[in-house]
Structure formats: structure tokens, C-alpha cells
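Participant: Based on the provided sequences and hints, a complete structural model is requested.
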Amino acid sequence: MSLSANGMASKAKAMYGKHLSKYDYEELLKKHSVGEVANYLKNNTYYSETLKDVKENSVHRGQLENLLRRSSFDRRVRLHRYADYNTKEFYKCSIELAEINQVLACIRALMSDDYTSFIAELPLYLNPYTSYDLNEFLSVKRISDLKKVLKSTKYYENLNPFLNDENMDYAECEHALMVYYYKHMKDIVNKKYHGKSKKELLSMIDEMIELKNISKIYRMKKYFDGTPEEIKKVLLECKNLMNKERYEKVLNANSSSEVVKILAESTYNIELDEESFLHIEDYINRIQYDLAKKCMNFSTNPSVIYLAYFILDDIELTNLINIVEGIRYNVSPSKIEQLIIY
Amino acid sequence: MAITKMRLINIVADVDKLDDVLTRFCTLDMFHPEPASKFVDQVKGSATFEDANPYEPLLQRLQEVSTDMNIDLTHHMSNKTDIDVDEIEKIIETKYNRFSLCKQAKQEVEQVIQEDKDAIQQMINLEDLGISLDEIFACKYLQVRFGRLPLDSVEKLKYYSGKPFIFKSFNTDSVYSWCVYLTTPKYAGEIDNIFSSLYFERIHIPSFVHGTPEKAKENMMIDIELNQQTLKHIDDELNKVISECRDLFTEYYCDLVKFNTMFEARKYVVRLGERFSITGFVVENDVEAVKKAFSDMKNVEVEDRPAHSDKRLTPPTKLKNGWLTRPFSFFVEMYGMPSYDEFDPTPLVAISYMLLFGIMFGDVGQGIVLMLVGYFFARRGMKLGEIGVRIGLSSTIFGFFYGSVFGFEELLNPLYKTVFHMHEKPIDVMSSSFTMQLLIGTIAIGITLIILCMVINIINRLKKHDYIEGLCSQNGLAGLVLYGSAIFAVIAMMVLKINVLNPFYIIICFVLPLIVIFLKEAIASKIATGIMFPEKFGGYFTEAFFEVFEIILTFLANTMSFLRVGGFVLSHAGMMLVVMTLAEMVGPAFGWLVIILGNIFVMCLEGMIVGIQVLRLEFYEMFSRYFEGNGVGFKPTFQEV
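Those protein sequences? They're chains A and B, same order as listed. Read left to right, the first sequence gives residues 0 to 341 (numbering that gives the first Met the number 0). Read left to right, the second sequence gives residues 0 to 640 (numbering that gives the first Met the number 0).
Derived from the structure by calculation, the hints contain no laboratory data. All C-beta atoms in this analysis are idealised placements derived from N, C-alpha and C, irrespective of residue type, glycine included. Possibly wrong hints are sitting among the right ones.
[Stated by the list, open to error] Dumping the calculated SDA-like pairs for lysine to any residue here, alpha-carbon to alpha-carbon at most 20 Å:
| hint | chain 1 | residue 1 | chain 2 | residue 2 |
| --- | --- | --- | --- | --- |
| 1 | B | Lys157 | A | Lys41 |
| 2 | B | Lys157 | A | Ser138 |
| 3 | B | Lys162 | A | Arg141 |
| 4 | A | Lys54 | B | Arg97 |
| 5 | B | Lys157 | A | Ala108 |
| 6 | A | Lys41 | B | Gln110 |
| 7 | B | Lys43 | B | Arg270 |
| 8 | A | Lys54 | B | Ile223 |
| 9 | B | Lys157 | A | Arg141 |
| 10 | B | Lys162 | A | Lys51 |
| 11 | A | Lys41 | B | Gln106 |
| 12 | A | Lys140 | B | Lys157 |
| 13 | B | Lys239 | B | Ile91 |
| 14 | A | Lys41 | B | Leu312 |
| 15 | A | Lys140 | B | Lys162 |
| 16 | A | Lys51 | B | Ile91 |
| 17 | B | Lys231 | B | Lys43 |
| 18 | A | Lys54 | B | Thr171 |
| 19 | B | Lys162 | A | Tyr114 |
[Said to hold, decoys possible] A short, non-exhaustive set of chain B residues, derived as facing chain A with CB atoms under 10 Å:
| hint | residue |
| --- | --- |
| 20 | Leu156 |
| 21 | Asp172 |
| 22 | Tyr198 |
| 23 | Asn238 |
Facilitator: Below is the structure:
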């Protein structure tokens, strides 16, 4: 491992040290407008540089969210500078994820006929890093246009069978891209890493996938009465960290309540109150937050620390977006607070 | 140099005297009170005072308001005997409302000024067009919008290339494009919507602005100036409000702190029917002062008893040390507070720390610098600074023995010749013949300290009547005999050339103590419950056997650990040798710079490492043998009120 890779670990930890604290979240929850939130972030947190040109009195919710997303992306890219030559490909997976998210956002926009919102939020600042030109989305009007945009990209092969102008299933598109993404990430880890590093990274990736799978299982049971065969089709492949027998029990559970009961006894100790405001994703994010924080505090592997930072930064971004949207749409602070993870 | 003697004080009075007693009680800065919860569960008929505190919410509100108004609340004693909480709250809210209105007005005016400045920016962009604004806004078939658009969004306008609008960018900064777009009234709604979705920030040109952009600019500058004057008036009003409130809020703050403290003090009060009592500890010398504080109050009794008279309470510890050793209580308290009956390790820590640090960091010049730096920081209230002065002194003394002054090994030779009639310095660290003596010497110091710690532990334990630990543990008499005998045997064989390892010696000095240590838990169990091996002997044997094995290794490891003292002596001398060699290589022109920087580097690096290593020896090799540190610190609750 090169010295610069160790530098990444230090830099990631230093950057994590500047993350918002409980006090910052408490102060943000007291604000009454998007402008006040922008003002607080500008004057009291490390977002001051990102928001220095923002006029608090007239800043739009969407614009503030875009600036926060851009700030998050810039921070992650800054860490790539420290990457080892051999393992640079692994860090570029975060760019891949951003590309995939844009493709999926485009598909959702086309299916819902709300392309203007997609255009407004299109992060053109990603362009210097992406493998395709995001500006091409500006000329997409239908699915067939999207196919043309993606034809020369690595996503085309996986996605093409599911891209139809009529009767397209979004879930299948998402599944195809996420399968590609995680498989690609794992292939890189298997090729470029060895020994304990490899084991740690694969374990962390499998944990991320397993948590996503748990969320899917719960949703399929709760909202679609999914059978085990239907559920298995939408799950991502991973090495189960949960006991195999328990996993089968979860798949074969008769209801979402039974799923929660079984998961309460698992490694993840999920105790979701089905009557509460929290969605399963919020709960899963909390578990992911705790796992990532543990890695950030105790791991010495730079790639694991990077992945942990990625998760923690993403959660902070989600927290801020929840606060901004909650305040904008007059949700009570107590309800917003339930969504905040720290 | 010991633990200050304490007395247990009980203040008893009638319930109707509670407020008067609490008022007096809160002025005592030498009283360590015990919470009422320690007594209430155990005394039938006793209770605590659990009313809601009316002062705390108001105090918090006052602090919030003062922070918002930028008023620093300074504390001094309040003489009031009663306050009207409702009246105070009303006044605070009235003043704050007035302040808030001014602040809001200020924000509005600042916003108007900012909007004018943005508008001026647009006027600068339009200056070269030579068109009158009146003509622009009078257009019947065109709607004009000035503003700024994020640069990202400018790119996205390509998606709307088929829509009926014209976009013109005047100039850009790092984030925005200052621009204008034109459309027809028919499509204004749709186009405004598109630009709004792209986060276009419209800049409204004020209605009073007419004429060309230059004229408009002038008008807006006048408007800005007028608004700034208004702003000044508002600021003056704000300052007036703040200065009116400053003294008033400070007075309220002092009153509320006093009454809040008095109310909070109720948690130390035990109600016993129509009477109440407050129990706590006071330093023996301050007992009379406490009695005097209540002497003028009728029917208030102050009972004075020995510290241990109430078995429910643990007397707190206040360390009492002399000038030389006092700062080292910082290290002791870092590990733990000695309990009231325990031996105060501060003097031992002071002497051993200074000795070991001096040995490892011996240099006259560096020692003096350390003293000066320590004094500088000590003046600023840093405890480490005070420690620095003392260990610097020790370094200086040992520096005289090593003959080293900032790494110059020959500088003190004339002193030794003339004053002490010696040919050379007493100790030449870098001499190969000295190395073995150094290492043996440091081991000898280590052995002495370890034995001393064990003796202290034995005395401590016997004082507490903990005979099992005092006699049978690895740090008790058995361990002392084992360790001492092993050391004696080694010294006898290697120095005196006498082999003491006869069967009698081995049995009495090694086997017997090991058996006692092995059976320590069993003996304790037999005394406590009558059963020697409550779990089966097999399990006990396995566990105890490995424990004894570990104890023997620990003795060896702890002794060898002191070799680091010798190691650091050599490393310090070695590093200074490197500095001197580098200085020679660089030459006389810059050699002095190398010497200065080298000394600074060695002082910082070596000083820090040596300090940490000595602390490690103190905590791990010494404290673990005799110091429990389970005491409670003496904290007079109202010291800062």
C-alpha cells in the first residue's frame, strides 16, 4: 500500500471530523425557512465555501439541495487524489454509481412525463468525470433517445433488454444496473486487493447489499404480498452475513410483521415499529450509519475508510435534504427529527 | 504531604428556616455536600424537596436572550432576599420584543440595500446598450426579466431551445451568470416557469428608477445611501436598547443565579418531618468557619463528627502537598483520586518523575530552557508548566553530571577542573564502558521503586484491614518476599559470588510465597464463606496456575521495563551527537543555526517522548502495584457562586 493511500485515510477522517454535529442538527431543526437553513450552514459549518454566493433571502429549495449535492461530490472526488495507482478503479465506482443514478433518474422522468424537474436537477458538474456526456440528456425526449445516448457506454448491454417505449418495468432496469454495479465493484476488489484488505472490503460491500435486500424483502411483503420466488428475482446477489436459515425464514415469512420479528433476532437486531413514522429505509440507513461509523473509527484500511466516509457523507446529505424539504413543506420539527440520523 | 483531614458536618434546623439556611449555605465555598438521595431511601419518614424550579427556565431564557442581543452577562454576588419571577420575565420579554422589532427592521433595510446593489450590478451590464430603462419596461409586446442564473443552468437552456425566449448573458462569476431574458406576454408564464425551475433569481429594478442605466445607477446609489442612513438610525436604536438592557439583565442574571443555586441546593436537603438536615464534609481547619456562618441563626445546629462516623458516606479526598510536589497531583488525578484512607502517591510520583526525567533528559542548557518555558506556561495557569519547571530543574542537575550543555560535551570541563578538581566530567554517557553501568543502574532504580511500591501497598492494605491482599497477593508480603529474594539471589551470585540457592532458601523464599499467591483466592473464599474451592478444584487450579505464571512474567517484564531509562539516556546523547556532527558538516557560517534548530527539535521530540515514557512507568509499573484511585474528589459545590 502506498503512503498516499494512508494519506487518504487521514484526510477522510479529518473531513469526517468536520461533519455536522448533534448541536448543528438541533439548531437547523429550529429554523423556519429554507433561507434560514442556508444562512446557518453558510455561517456555522464547513458548507460556508459552497454557499458563499448564495443569497439566503431568495435561495430556492432545489438550488440549495443541488449545491449541497455538489459539495458532497467534490469532497469525495478530493479523496480520489490520494488513491493508490492500483486501486484507483475502486474509487471510480462512486462515479459509476452517480452515472447509474442519472440514468435511472432519466428513466423515471420519462416514465412520469416530468422531464423538467430532471433537467433542473441534472448535475452537469459531474461531466468532467463521467464516461458519457451528461449534456446528451438534454436532447432526450423518449426511451429510444436514451438508448442512443447509452449505446456506447458499459451500461447498454445490461440495460437494453429492459428499455422499451411501452410497458417498461422500472424495477427491472434498476435491478439490472445495480447487479452490474455491485458485480463490477466486487470484481475490482477481487482483482486489485488481497488478504485482509480484500476480505474487509468484500464484507462491507456484502453488508450494504444485504441491507438493501432486507429493505426489498420487507417492501415486497408489506406492499405487494410477494412470494419467495418473486422476491428472489429482485434481490442482489451477496454473501449472506445473516444466518442462512434465518434468511430463508425471512423470505418465506407470511407478512411484513413476521419479517420484522425474525430480523429482530438477527445480527442487525431490527426492531421496527410498524406503526411508527419511520420507513424501512430509514431504519436500514441507521444500521448502515452505525456500521460505517464503526469502520471510520476503527479500520486502518484506506479503501474501507473511503467507503465508510462515502456512506456517512451520503447520510449527512440525506439528513440535510430531509431538513430542507421538511421545513419547506411545513413538516413539524419532531417529525423531521425522526428522519435525521446522527 | 498527605490527604487533608475531613470532618462530617450536619446542619439541622426547622423547615420554616429552610430558605434562610440555604441562603447562608450557598455562600459556603468550603463545604462538600452529600446528595439527599443517599439518605432518603434508608431513613423511614425522610423525604426530599421536589418542587419545580421556577428560576431555571427564566435563567435559561435570559441567557438565550442575552446571547441574541450580544450581551455578556458577568456574575457578582446578589444581595436580594426575594425576587418577583413574573415581573422579571415580563420586563425581559418586553425589552427583547423591542430588540427583535429593531433587528427585523434592520434585516429588511439590509435586504433592500442588497437588492439595490444587485440592481446596480445589472445596470452596469446595461450601460453600453444606451437604452432607457423606461423604454425597456414600456414595451407592450416584450416582457423583460433581469436576474442571475447558476452557470449549470445556463447549459441546460439547450433543452428549451425550441421555446419562445431570448437569453443574453452579460457577465459571469464563478457560480452565476448575470443575465436577461425576453419573451412575449403570451408566453411569459411558461418561460418564467422554465427559468424558475432552473433557479433563476430575478432582480427587480425598483419602480422609482427611470432613464438610462447610468441615471438609474445614480438613483439607486442615492437610495442605498438613504437606506444606509436609516440603517444607522436603526443600529443606534439597537445599541440604545442593548445598553439599557446590559446592566438590567446583568442584575437579573446575578439574582437568578443566586436563587437558582439556592433552589438547586435543595437536592442536598433531607426533610425529617418538621426539621431538615444538610450533610457534608468540611476540611478540619474550616469547621469553625462553618459554625461561625450559622452562629447568628437561632435554632440552627451545626454538628461536627469524625469523617468516618457515617458508614453510608465516603469522605472525599483533598490532596495536601508542598510547593515542590503539588503540580504532580495532576498526574495522580489523571489515573484516579486516592481514597480518603489511601496513601497519597503525589510525593512519590514527584520525586520518581523528576529523578527519571532528569536521568533521561540530562542537559544543563535544555533543562534551563525547559524551566523557562514551564514558567511561562505556569504563569498562564497551565499545570504542565509547573511540572515543566520542576523536571527542568532535575534535567539541569543531571546535565551537570553528564557535562552536557545544549549538546556541547566539553563546555563544563573547566568547571570540573577548577571547582571539583576532576580531570573530566563525572559521567561520560557516550563512553562504551559506561553503557553497562548505566543499564544496571537503571534496573537497580527500577527494582528499588518496585519494592517501595510493594511496601506501600502492604502498609495500605494492613491499614484497611485487608489482610488477604496485604499478605497473600503478588503485591503483598508474599510477592515482596518472592521478588526480593529473587533479586537478592541474583545480586549474591553475580556480585558477591555467593550461591544462595540451597533447598531451604528456595522453599522459604520461592515455593512458599508462590503457594500463598496461588491459594490467595481460596483463602479469601474460606474466610468469607467457609468453602475453600466453591467451584471445583480443577477449574481453580488451571486458572490460578496460569495467573501465577503471568505474575512471574510480570515481575520480570516490569523490572526490564526500566531499561528504557538507560535507552533514552543513550538516545538523547546520540541525537545531540548527530546535531553536532551536522553542525560541523555545514560549517561555521550556518553551524550555529543547525545547533539551535537541532536543540529545539530534540527538546520537543525527546522531551515529549521522555515525559510520556516516565508517565507510563509511573502508571503501569508503579501505580498498578499500590494505587487504586477509587476516591472521590473534594468538591465544594458553591465555590464558583
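Participant: Run every hint past the structure and note whether it holds.
Facilitator: Each hint, compared with the structure:
Only pairs whose Cα atoms come within 20 Å are accepted, and Lys157/B paired with Lys41/A is rejected, the gap being roughly 31 Å. At most 20 Å may separate the alpha-carbon atoms for a hinted pair to count; Lys157/B and Ser138/A meet this at roughly 8 Å. Using a Cα cut-off of 20 Å, the hinted pair Lys162/B and Arg141/A holds, with the two alpha carbons roughly 19 Å apart. With a C-alpha separation of about 27 Å, the suggested pairing of Lys54/A with Arg97/B is violated against the 20 Å cut-off.
Restraint check: the Cα-Cα separation between Lys157/B and Ala108/A comes to about 18 Å, which is no more than 20 Å; the hinted pair holds. Among the hinted pairs, Lys41/A with Gln110/B is consistent with the structure: their alpha-carbon atoms are about 17 Å apart, no more than 20 Å. Between Lys43/B and Arg270/B, the direct Cα distance comes to roughly 11 Å. Compliance with the 20 Å bound is thereby established for this hinted pair. Among the hinted pairs, Lys54/A with Ile223/B is consistent with the structure: their alpha-carbon atoms are about 18 Å apart, no more than 20 Å.
For the given pair, Lys157/B sits about 17 Å from Arg141/A by alpha-carbon distance, which is consistent with the 20 Å threshold. Distance hint between Lys162/B and Lys51/A is unfulfilled; the C-alpha atoms sit about 33 Å from each other, more than 20 Å. This hinted pair checks out: Lys41/A and Gln106/B have alpha carbons roughly 17 Å apart, not beyond 20 Å. Restraint check: the Cα-Cα separation between Lys140/A and Lys157/B comes to about 13 Å, which is no more than 20 Å; the hinted pair holds.
Our distance criterion of 20 Å between C-alpha atoms is met by Lys239/B and Ile91/B, whose separation comes to about 15 Å. For the hint linking Lys41/A to Leu312/B, the alpha-carbon distance of about 52 Å lies beyond 20 Å, and the restraint is violated. Distance check on the hinted pair: Lys140/A and Lys162/B sit about 15 Å apart at the alpha-carbon level, within 20 Å; holds. For the proposed pair Lys51/A and Ile91/B, the alpha carbon gap of about 35 Å is over 20 Å, so the pair is violated.
For the suggested pair Lys231/B and Lys43/B, the alpha carbons sit about 67 Å apart, so the restraint of at most 20 Å is broken. Simply put, Lys54/A and Thr171/B have alpha-carbon atoms about 16 Å apart, close enough for the 20 Å limit, and the pair holds. As the CA atoms of Lys162/B and Tyr114/A are separated by approximately 15 Å, the hinted pair is consistent with the 20 Å bound. Interface hint at Leu156/B: satisfied, since its Cβ lies 9 Å from the closest Cβ of chain A, which is below the 10 Å cut-off.
With 10 Å as the threshold, the beta carbon of Asp172/B comes within range of chain A, its nearest partner Cβ sitting at about 7 Å, so the hint holds. Restraint check, Tyr198/B versus chain A: the minimum CB separation of about 4 Å is within 10 Å; hint holds. The beta carbon of Asn238/B is not positioned within 10 Å of any beta carbon in chain A (closest approach about 22 Å), and the interface hint is therefore violated.
Hint check: violations occur at hints 1, 4, 10, 14, 16, 17 and 23; the rest are consistent with the structure.
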